[in-house]
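Protein chains in written order, with numbering that gives the first Met the number 0: chain A, 0 to 205; chain B, 0 to 441.
Check the hints yourself; a few may be wrong.
Some chain B residues close to chain A (C-beta under 10 Å, calculated; not the full set) [as the list claims (entries may be wrong)]: (1) G75; (2) T257; (3) I260; (4) D365.
Computed far set for chain B versus chain A, every beta-carbon distance over 10 Å [stated by the list, open to error]: (5) D21; (6) V124; (7) F197; (8) D437.
Note that these hints are calculated values from the structure, not bench results.
Each residue gets a CB set at the ideal place from its N, CA and C atoms; glycine is no exception.
Single-letter residue listing:
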Amino acid sequence: MSQKLIDAITGMREEDALAITNELLDSGVAPVDILNACKEAMEVIGKRFESGESFIPELMLAGEMMSAISDVLKPRMAEEAATEKLGKIVVGTVQGDIHDIAKDIVSFMLDLNGFEVTDLGVDVPPAKFVEAVKQTGARIVGLSGFLTLAFDPMKETVAALKSAGLTDVKVMIGGGQIDENIRQYTGADAYGKDAMAAVAIAKSWA
Amino acid sequence: MFVRPDNWNKMSPLERRKARLDAWQDAPVQFASPEAEANYKERITRLRKIYDMQPHDRPIADPFMGANEYVARRKGIQGKDMVYNHEKLREPLLEFHRDFQPDVSVGMLPYPGKSWDLLDFKLYVWGGQKLPDNLVIQAVEGEYMRPDEYKDFIADPTAFWLKQYLPRAYSALGPLSMLADFPRISESVDTIDLLVPFGLPPFQEMLRTMMEAGNELMKVLGAVGQTMGMVTAEGFPGMGLNIVKTPFDYLGDTLRGTKGILMDMYRRPNDLLAACEAYVPVLVKSIVGASDRTNAPAALYVLHKGADAFMSQEQFEKFYWPTWKQVMLALYEEGITSYLFIEGSYNNRLENLAEMPEKSLVCHFDKTDMRRVKEVLSDKFIIAGNVPASLMSAGSVDEVRAYCDDLVGLFAGTPAYIMAHGCYFENTTDEKLRAFMDSVKN
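Here chain A stands alone, though its shape is the one from the complex (with noise of 0.2 Å):
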């Protein structure tokens, strides 16, 4: 039965996945056995988006489906099944920069992978980080900037957190146009091309 979500959900069937979700939970299944099951569907569609086979729709819409799902089984759920997260990782999309989807992707994209995630949304200040990086004792931070003018922000955002004091924290970025070269010029550990490649950089990390 668990498998027939999975299928729905790789399928991209939005809507047999929210009436096989509800026909489990009648059923008597566990919400947590049904989460388990989302989380196997997703490593399917995130193995497929590395492999070149599912793309930024296929990524967008199994994250309405497994907001939709937990929106069912959230009320069902005596209490948060408590799972063991990876790490605490803090992300943003830097100063002077508004776009938020890849941004979105990739919090979406950590947060699923076991990371307990920071999303300062877009624009935000070094400062910001700083601050969210003490308060929530995150060792890892994400900086998405999809246009050229982010790289100075970067930049500045990595500085800040050195000058903080935080220089055992990582910072990994990401972007439209950012590169090895960006990497070296902002002073940041590494760079992702895409979602999946930041759950791995920020797994070796953790």
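Mind docking chain B on chain A? Use the hints.
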């Protein structure tokens, strides 16, 4: 203004293309000096040979992707000045042309900040408004067409734009929603429906605001027109481009938002396909009209959501490519060249582009593999690109030079190549920009 020759209806697409390029090349210019005239003629002749894919002495370098911002930055001019104080950019722009002697002029973008303020434009934020003063503009995505409104758009794109989209995108244009449905204005009494809104105070107030915004726009166009006239007079021709997008990108960028349209591919694919189809004749008519008015021989597509990472090849071939191709073919029939600025990577789409007729395209790449580009497209089309913005920003002068030299070498045996950036570079140094420009002159 492009005037069609009398035998237009008997001309082939390539003959029409030649007529448009002739009109662009021969447009009268008042030159600042005989030397400027000689330089202009040398430059536009070379550019014309590139458009024609005919043998010429060397490639050209066109820094237009970002040069505008860099011209301002290198003189300490704020982003907000590019939106509000267009005269401030005149001297820096002229100085830039005198210093760098580019093969093609760097155009000044007439962002009408005061008009946007008056109309309360929602699709962008800009320096001096909601962005800090040092920044220029950024797009703000929103959902300007609800999913259930696809049927309205498909039935009549122009009416949807006028009565539903514009009132949402510009707060001050809300009263446009009161307009009559024009095709029903027929009988004597229908004049009443036509005119009622014009007699009502909110509509009249809107008209006054539009006139004020129009007056502000004229000041901007006057300032920018004067500046670009001076640039041309000093010997620098432009590429002659009008800006356009694909049906899918218009729907995605402007009406549904990225997430909205990508979800529509699954949730309402037939509506999306029908909307793309409905866009085709509207776009073709509009671009042909603009090309006639401005005497520009090419249409510049800023391509967004069809890139490799955005969708699968199957999705591209179902949703993105067919109606875009229809638009480009219709323009080709009218003698208009499609200049494609291809953001991101298009490694999977090159064979699609290759379906287009010879000389119908200029293909300007960002992150696409230029070796494959050469192999698949360089015999048929003009190729441009793809110096990375990251290199212009963070690379050394030697690295920029080496990258450009490699491109020049790669395209040495091909009919037509334009050295260009892959993306807006914004931040660089004069030395790096000079290395970029000089790479084609060795």
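Status of each hint after checking the structure:
no.	hint	verdict
1	G75	16 Å, violated
2	T257	5 Å, holds
3	I260	9 Å, holds
4	D365	9 Å, holds
5	D21	37 Å, holds
6	V124	7 Å, violated
7	F197	38 Å, holds
8	D437	21 Å, holds
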